[in-house]
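J.: Sequence:
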Amino acid sequence: MLTALVSMLLAPGFALAVHDFAFQLDGDVSASTTTNIGGTPQTIDWDSLFDSTGAKKSPLPAGFSAAAFHRDFNTKTNGSFDTSDATTFATGSKDTLNITPGWQCATANNLLSKDDVMNAYAAAFTAGNGDQILYFALERNANTGDANVAFWFLQDEADCASAGGNTPWTGNHVDGDLLVVSAFTKGGGVSTIDVYRWNGDATGTLGTTSVAHGVDCKSTGPGDATCATTNSGTLAINTAITTPWLTANKTDGVGNTLQVSEFFEGGLNLTKTNLGGHCFNVFVGDTRSSQSLTATIFDYARGQLGECNSSTTTTPSISGSTQIPQSGIVSVTDSATVTVTGVSTWSGTYDFHLCFIGTDTTSTATCTSGGTLVDSQSINQGTSQPLTSAAATITSAGRYCWRGDFTSATQGVPNATDATGGECFNVTPRQPTLVTHAGSGPVDFGNPVTDTADLGNTANQPGTPVINPTTAGAPADGTITFFLYGPDQCTTLAAGFPSAGIAVSVSGDATYGPVSYTPTAPGQYTWIANYSGNLPNTLAKTGAACGTDPNEAVTVRQIPTSISTAQKTYPQDSATITSSVSGDNLPSTGTVTFSLYSSLANCQARGATAYTQTFNNVGGTHSVTLNTTNSSFAVNASTNGTYYWRVTYATGDTAHTGRQSDCTENVVLTFTDDSGPGTIFP
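According to my numbering, the stretch in the sequence shown is residues 1065 to 1746, in order.
Hints in this document: simulated from the structure, not taken from any laboratory. Take these hints with a grain of salt, some might be off.
Claimed, not checked - Label-pair ranges, simulated between beta-carbon atoms:
1. 1535 to 1427: 44 to 54 angstroms
2. 1354 to 1230: 46 to 56 angstroms
3. 1429 to 1587: 51 to 61 angstroms
4. 1731 to 1678: 14 to 24 angstroms
5. 1437 to 1358: 42 to 52 angstroms
6. 1741 to 1559: 43 to 53 angstroms
7. 1165 to 1121: 19 to 29 angstroms
8. 1142 to 1358: 17 to 27 angstroms
9. 1208 to 1230: 57 to 67 angstroms
10. 1559 to 1744: 23 to 33 angstroms
11. 1121 to 1192: 38 to 48 angstroms
12. 1142 to 1165: 33 to 43 angstroms
13. 1732 to 1652: 49 to 59 angstroms
14. 1567 to 1455: 52 to 62 angstroms
Backbone N, C-alpha and C define an ideal beta-carbon position, used for all residues, glycine too.
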């Protein structure tokens, strides 16, 4: 039968007694004073959870999801105890009332030492069998007389801060809030511990029937759902104890000692009492006049337990950098995982926001607020994860960051956000292409030279707005600017060429030009062209350097000339007429006629002449010589041949005889002309 009982206690899912787990409920804070209850050694105590300053250790021992420590006393400048306390309940505050407006806080200087809380702390633990446990502890300044203490475990963020006078608490009760009340004596340990449940919302009531009851952890048997103990009563701990953190008591002052019955601790198995399923994020440990639910409540210490926690991690579909496509449109999503601890059922909404940080991709800013709401999804403990957002369309190069926001709809479960740098990515601009080519050449001086540019790989401009635009972005704009260098050098622009170049406006990928310019001198000229870019989506592009692209060179040549020669000659003749009688003069009435014929036959037949010249009144002297003065008939390459002269002399009297030549006088003319074009000179 004993074996069967042990097996039943250790079976999976069986709710063990609250003090049977790893945590010691033995009346001190030290893990070194181990206990062995329920057949399992307890090796964890409060100094396993907090360091000497009261700060929560990290990580907490296995199974502990939350722990909080609150110091509730002050010291003077010399280190001695200060009796002033800003966290006391004002007169009229009652546990049976809703927090607002039933509770008020005030600053007091006259608390009874036994009612003055020094430190209070609590922790949430989930055992291997799934049981959820709350542990709690309180230190007080003195141990005179009997004592009554309580712990509220609240789901709302209830709080109060008094500047001196009575100040209302903020916050409200939530269905399932718990009040743990206990009584103990200086020498006899804990007599009872009872747990009460708040039923309903802020308009509800505190149940007057205990939902869990227990006694001193040192003496209770197996199966208890709640118990408490002090450093008094039965062994093992019934003496003064030492704390690693500062405390204070009326006997020893400020230090690390708590006298008998000045330390109280307890535990509550939420699973065994069916009180789980809530997030107890705030604890309030207090002292009171009795165990009655309407007792006067004195001092309190409030701590932020955070039993329930939530976290979210997100992963964007793009990590690092991606280049914007030519369309100027990038589709992105975000995925998220939500983790909630401390409660088995929960719900809420998840919002995906996307921020356009700006065009500076070296920025380290993140999407901490604002942005474009891309998607909002309902989520609960049964939702398949990771969540994936709807797709967002982005249309600009630059830095983008997602932010994932989990907004809890479950009381006590905090919201969670991921706006870390891992949610960010960069979209980089495109590098366009620019291919240029001069017009065909060479060209004659006086005619223009031309250049044309092919622009490619640009991206459309951003839409409006940048994320999920309602107006699409236009094609890339900007200008292509052309420059002409020469002649025969790449140092200075062509004479008269505009110093600012010739600019052509662009609209997306296309061929632009031709642009033209008429050089003022012959020689070789070279074009270059540059694209201004259209940030943020399209970078600038510098064309090939002057002289490096043979397609950009064109020659302006000198105007060509030619030379051809054509010979010609004017045939001339001469005749001398002489009287045969010495001393005789020719009559002065003579006539001499020169006739030129193009053939012998024509000459003999006295046919048509090529040229005729007549001299009248020839004579008066013994001898006369006559010369023709032909300037009207020329022989050239086209009229080459043999020409015959006939010369006649008529005397004009009867005393002398007339004479003629017999077509024997001739000239042979042959011409060879140069038809050109000649050679360059000089």
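J.: Hint by hint, say whether it matches the structure.
T.: Hint-by-hint comparison with the structure:
no.: 1; hint: 1535 to 1427: 44 to 54 angstroms; result: violated (26 angstroms)
no.: 2; hint: 1354 to 1230: 46 to 56 angstroms; result: violated (23 angstroms)
no.: 3; hint: 1429 to 1587: 51 to 61 angstroms; result: holds (56 angstroms)
no.: 4; hint: 1731 to 1678: 14 to 24 angstroms; result: holds (20 angstroms)
no.: 5; hint: 1437 to 1358: 42 to 52 angstroms; result: holds (50 angstroms)
no.: 6; hint: 1741 to 1559: 43 to 53 angstroms; result: violated (30 angstroms)
no.: 7; hint: 1165 to 1121: 19 to 29 angstroms; result: violated (38 angstroms)
no.: 8; hint: 1142 to 1358: 17 to 27 angstroms; result: violated (41 angstroms)
no.: 9; hint: 1208 to 1230: 57 to 67 angstroms; result: violated (27 angstroms)
no.: 10; hint: 1559 to 1744: 23 to 33 angstroms; result: holds (25 angstroms)
no.: 11; hint: 1121 to 1192: 38 to 48 angstroms; result: violated (21 angstroms)
no.: 12; hint: 1142 to 1165: 33 to 43 angstroms; result: holds (40 angstroms)
no.: 13; hint: 1732 to 1652: 49 to 59 angstroms; result: violated (37 angstroms)
no.: 14; hint: 1567 to 1455: 52 to 62 angstroms; result: violated (39 angstroms)
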